[in-house]
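With the sequences and hints as input, model every part of the structure.
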Amino acid sequence: MMTATFLILAAIAVAGSATAMSLRNAVHCVLALTAGFLGLAGLYLYLGAQFVGLTQVMVYVGAVAILAVFAIMMTHHPGEPEERFSRLWLSGFIIAAAVFLTLARAITLAFVASPASTTQAAAPSVTAQQIGDTLLSRYVLPLEIIGLLLTAALIGAVIIAMDPKDDPSHTEEEATQ
Amino acid sequence: MNPLEACLLVSALLFAVGLAGALTRRNAILVLIGIELMLNAANLNFIAFWRYGPHPEALTGVLFTIFSIAVAAAEAAVGLALILVAYRHFRTTNLDRMNHLKG
Amino acid sequence: MIALMNSGAFSAENLDQIFVLAKHALLARTPGMLQPLASAIISIVPLMIVFPLLFAITTILERKGLGRMQNRYGPNRVGPFGLLQPAADGIKALIKEDVVPAAADQLVHFFAPVVFVAAAFLGYSVLPIGRNMVLVNLNAGVLFFFAVGSVVELSVFMAGWSSRSKYSLLGAMRAIAQMISYEVPLVLAAVPAIMAAGSLSTVDIVEAQAGYTGIFPHWFLFTPWGIVGFGLFLIAATAESNRSPFDLPEGESEIIAGYFIEYSGFKFALFFLAEYLGMFATSALGITLFLGGWSAPLSFLSFIPSWIWFFTKLLALIFFFIWIRGTLPRLRMDQLMGFAWKFILPMALLNVFVTGLWRFLPAGPLNSIRWAVCAAVLAAPCIVLSQSLKQKKKLLLRTYHFAE
Amino acid sequence: MIGNGILKGLTETARNFFGSYVSKDRLTTVQYPEQKIPQIEASRNFPFLVYDGADWDAGMRCVACQICEKECPPKCIFIEKSKDKKPDAVGKAQFYPARFDIDISVCMSCQICVEVCPFDAIKMDVEFDLPTDNRFSGLLLDRHKLAKSNDYYHQIHPTEASAVDAALAEERAKTAAKAAAAPPVAAAAAKPAAPATAATATSAAPQPAAASTPKPAEGDAK
Chain A
1 MMTATFLILA AIAVAGSATA MSLRNAVHCV LALTAGFLGL AGLYLYLGAQ FVGLTQVMVY
61 VGAVAILAVF AIMMTHHPGE PEERFSRLWL SGFIIAAAVF LTLARAITLA FVASPASTTQ
121 AAAPSVTAQQ IGDTLLSRYV LPLEIIGLLL TAALIGAVII AMDPKDDPSH TEEEATQ
Chain B
178 MNPLEACLLV SALLFAVGLA GALTRRNAIL VLIGIELMLN AANLNFIAFW RYGPHPEALT
238 GVLFTIFSIA VAAAEAAVGL ALILVAYRHF RTTNLDRMNH LKG
Chain C
281 MIALMNSGAF SAENLDQIFV LAKHALLART PGMLQPLASA IISIVPLMIV FPLLFAITTI
341 LERKGLGRMQ NRYGPNRVGP FGLLQPAADG IKALIKEDVV PAAADQLVHF FAPVVFVAAA
401 FLGYSVLPIG RNMVLVNLNA GVLFFFAVGS VVELSVFMAG WSSRSKYSLL GAMRAIAQMI
461 SYEVPLVLAA VPAIMAAGSL STVDIVEAQA GYTGIFPHWF LFTPWGIVGF GLFLIAATAE
521 SNRSPFDLPE GESEIIAGYF IEYSGFKFAL FFLAEYLGMF ATSALGITLF LGGWSAPLSF
581 LSFIPSWIWF FTKLLALIFF FIWIRGTLPR LRMDQLMGFA WKFILPMALL NVFVTGLWRF
641 LPAGPLNSIR WAVCAAVLAA PCIVLSQSLK QKKKLLLRTY HFAE
Chain D
685 MIGNGILKGL TETARNFFGS YVSKDRLTTV QYPEQKIPQI EASRNFPFLV YDGADWDAGM
745 RCVACQICEK ECPPKCIFIE KSKDKKPDAV GKAQFYPARF DIDISVCMSC QICVEVCPFD
805 AIKMDVEFDL PTDNRFSGLL LDRHKLAKSN DYYHQIHPTE ASAVDAALAE ERAKTAAKAA
865 AAPPVAAAAA KPAAPATAAT ATSAAPQPAA ASTPKPAEGD AK
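Chains as they are written, first to last, in my numbering: chain A, 1 to 177; chain B, 178 to 280; chain C, 281 to 684; chain D, 685 to 906.
Keep in mind that the hints were calculated from the coordinates and are not lab data.
Careful, some of the hints might be misleading.
To be verified - Quick list of in silico lysine-lysine cross-link-like pairs, DSS-like style, CA-CA up to 25 Å: (1) C/Lys376 x A/Lys165; (2) C/Lys670 x D/Lys692; (3) D/Lys754 x D/Lys829; (4) D/Lys776 x D/Lys692; (5) C/Lys446 x C/Lys376; (6) D/Lys770 x D/Lys858.
Nothing here was measured: the structure is a model prediction, and the numbers come from that model.
Okay, here's the thing in structure tokens:
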């Protein structure tokens with residue numbers, strides 16, 4: 001059943017993402033994106049996954065949005081005119097619409113068999129302890145791998161983005177060339 | 178309208194919006210944002226299936242989403258670093274102009 | 281309220297629960313259908329009144345305290361002993377013309393203080409102010425607090441970027457860099473308390489610190505990792521709320537006023553309100569995590585209502601922040617970042633390790649050994665790290681390479 | 685020990701904070717409108733014109749030589765010479781300023797006008813409480829507002845005032861002696877001078893002014 005809160009949250013999420021993809025100014029896009037992410041986090045909370053909703057807010061709104069904004073600040077080249085869409089924008093929209101229609105078709109077909117389920121499964125209350133226990137019991141290997149991956153990504157991103165000028169090892173090579 | 182079906186439709190819509198953005202936008206950073214959106218749409222699917230799936234106590238959906246958020250954050254960081262280096266080389270983030278492969 | 285009056289039993293128990301009973305009395309009166317909405321409003325409204333009032337009191341406390349520390353009086357013109365100064369400031373902020381720069385981005389410029397204040401207020405929903413006086417008992421309360429805290433950086437950027445002025449952008453970038461690099465240690469400094477209490481919910485954390493041995497409470501502060509954790513938490517909290525030694529983003533002497541330079545009138549006052557609310561929220565979280573929330577410091581003092589203890593501890597922490605502001609000079613940007621990544625973060629990680637160690641070492645009679653081991657494990661690296669922080673290398677001759 | 689610098693700082697501010705409630709002499713602030721810091725003698729704010737005797741108009745020492753107007757760096761002095769003459773502090777017939785304005789919103793109280801004034805007519809005042817409700821005319825002080833008596837001068841700068849008075853008295857004595865030593869020459873010079881001025885005088889008023897100037901000169905000399 002489509003409760004009002006679900007509709008509002010879904011609307012915020014989709015509207016935020018849609019405006020994020022359509023605005024001219026890149027920074028406005030990122031701000032609209034954060035609205036979309038907040039709507040999505042609301043959806044997670046509505047679906048009962050409290051821990052995931054809060055992590056989503058913390059990781060995406062707190063970190064990825066700021067990262068994107070910093071990237072925009074560093075690559076903002078005031079000179080060039082800011083056209084929004086690349087030349088072949090129409091085909092892009094057509095492909096996206098096609099993908100959406102096929103997905104929607106598949107979803108509606110899958111559910112045409114089962115009637116609107118009246119039995120409303122009670123929201124399973126997930127506590128942080130349960131997540132912690134399963135994380136460290138069944139999923140301990142992925143947890144360690146994720147830790148490793150995040151450290152690698154952290155150091156990798158810094159090395160990639162480091163400016164060759166301040167990197168001491170770089171300057172000798174250029175000097176010798 | 179089954180609530181699971183509603184969630185799936187919303188995530189499909191989000192996925193389509195992200196895909197449209199990724200395909201049509203000219204600025205490299207906004208393409209990356211489009212990909213982030215597609216990732217988020219997938220996360221929404223996981224949570225929907227966990228919530229309305231057969232046995233939610235297994236917490237697979239929730240944990241998969243947590244790992245997926247972590248990977249997406251790492252991917253965003255490295256992606257933006259790559260964009261910065263590309264900007265430093267090409268002096269523009271306009272994807273249409275990054276078409277020559279000279280080193 | 282009438283139910284309360286005729287009960288007449290103004291025992292400690294009733295006084296402690298006075299607000300809870302008042303709320304129930306009010307709720308009993310509202311019609312059934314409106315009950316959830318009314319209970320939410322009844323809880324939210326006092327919060328929205330008490331903490332801005334505390335903000336007003338703190339502005340006067342701060343200016344008089346700083347004055348007294350510098351051998352001068354501080355404001356004493358408006359009202360007796362200057363106590364009406366916040367009212368004067370408030371009216372001034374309301375009357376001042378709200379100048380929006382022409383080149384500013386109207387929408388984002390308007391929404392920045394709104395988001396800032398909203399995020400600041402949201403943080404209070406999970407903080408237990410008294411015995412069963414918490415607005416929302418979230419299972420992952422502390423995580424909610426930090427999630428809302430991270431939204432603040434975005435609003436700082438919105439403010440800095442939308443005013444389209446070099447100083448505000450510079451201030452915003454400095455503020456965000458500082459807030460991000462101090463949010464990691466803030467979360468890590470909170471982790472030991474969560475580990476010891478075994479739950480993310482703030483109410484459980486306060487419960488874990490209840491109880492007294494003899495007259496001394498079981499606060500997390502009185503453990504080796506608690507002292508270091510609380511110290512790191514306070515340092516990170518000062519940096520997170522852009523105060524005193526870390527107030528580089530709004531360094532008045534350098535870049536005028538940081539990210540809220542292009543704001544005037546009420547929006548400027550909103551930024552100040554949000555900043556102080558952020559400071560109260562983080563110090564209230566510090567109280568919940570390390571100082572036993574609303575529990576009395578000594579067992580025989582627990583007849584005093586719980587919310588009075590919470591606010592006395594909050595005022596004590598506020599005075600500590602003012603005291604630090606009156607004493608320490610401002611840190612340079614590189615010192616600030618170096619301090620965060622080279623000293624606070626390693627110490628916070630070590631502190632998490634020591635909390636684990638503390639948990640698995642035998643308690644009971646061998647407690648003093650546990651204390652000694654943990655204290656040693658913490659003290660040695662602390663000294664080594666601080667030595668490495670001292671600038672050993674001689675500063676090179678300053679070579680000016682102009683815009684090459 | 686690490687952090688002992690911070691601890692020392694904290695104890696210092698704590699001692700100030702609690703000490704200020706204990707001993708009041710720690711607090712050095714002066715509550716301005718109620719209490720005032722005693723005036724240091726060498727302090728200065730805006731210039732004023734000194735006049736001797738009771739009547740500010742006649743006793744004004746200024747002879748409108750306009751040196752100060754020329755010397756003033758921010759050009760905030762404006763003088764209009766008078767047509768007729770009046771005896772100055774020393775008794776010699778001199779012009780006097782019909783109009784003497786100082787724009788104290790421009791004046792930077794650099795005291796150059798005082799240094800260049802040959803007649804000690806302009807001195808620096810110490811009055812700094814000069815709020816006015818009108819930004820332009822309120823801050824443009826005319827001759828009347830600028831004129832202040834010599835004993836006020838003694839009040840604010842006693843040593844300097846007495847030195848100036850001593851110099852003036854000596855000068856008066858010198859001119860009196862000169863006037864006494866050469867009265868016959870002066871009388872002869874005065875007679876031909878008088879008709880000459882009568883002949884050249886164009887405006888109607890020279891007769892009384894010319895007549896009035898010689899008489900007080902003799903009076904002073906006796």
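The hints, checked one at a time:
1. Pair hint C/Lys376 plus A/Lys165 does not hold up; C-alpha atoms about 48 Å apart against a cutoff of 25 Å.
2. Distance check on the hinted pair: C/Lys670 and D/Lys692 sit about 18 Å apart at the alpha-carbon level, within 25 Å; holds.
3. Straight-line distance between C-alpha atoms of D/Lys754 and D/Lys829 comes to about 21 Å, which keeps the hinted pair within the 25 Å bound.
4. Restraint check for D/Lys776 and D/Lys692: the C-alpha separation of about 71 Å exceeds 25 Å, so the hint is violated.
5. A hinted pair counts as satisfied when its Cα atoms are at most 25 Å apart, and C/Lys446 with C/Lys376 qualifies at roughly 24 Å.
6. The straight-line distance between the Cα atoms of D/Lys770 and D/Lys858 is roughly 19 Å, inside the 25 Å bound, and the hint therefore holds.
Violated hints for the displayed structure, listed by number in ascending order: 1, 4.
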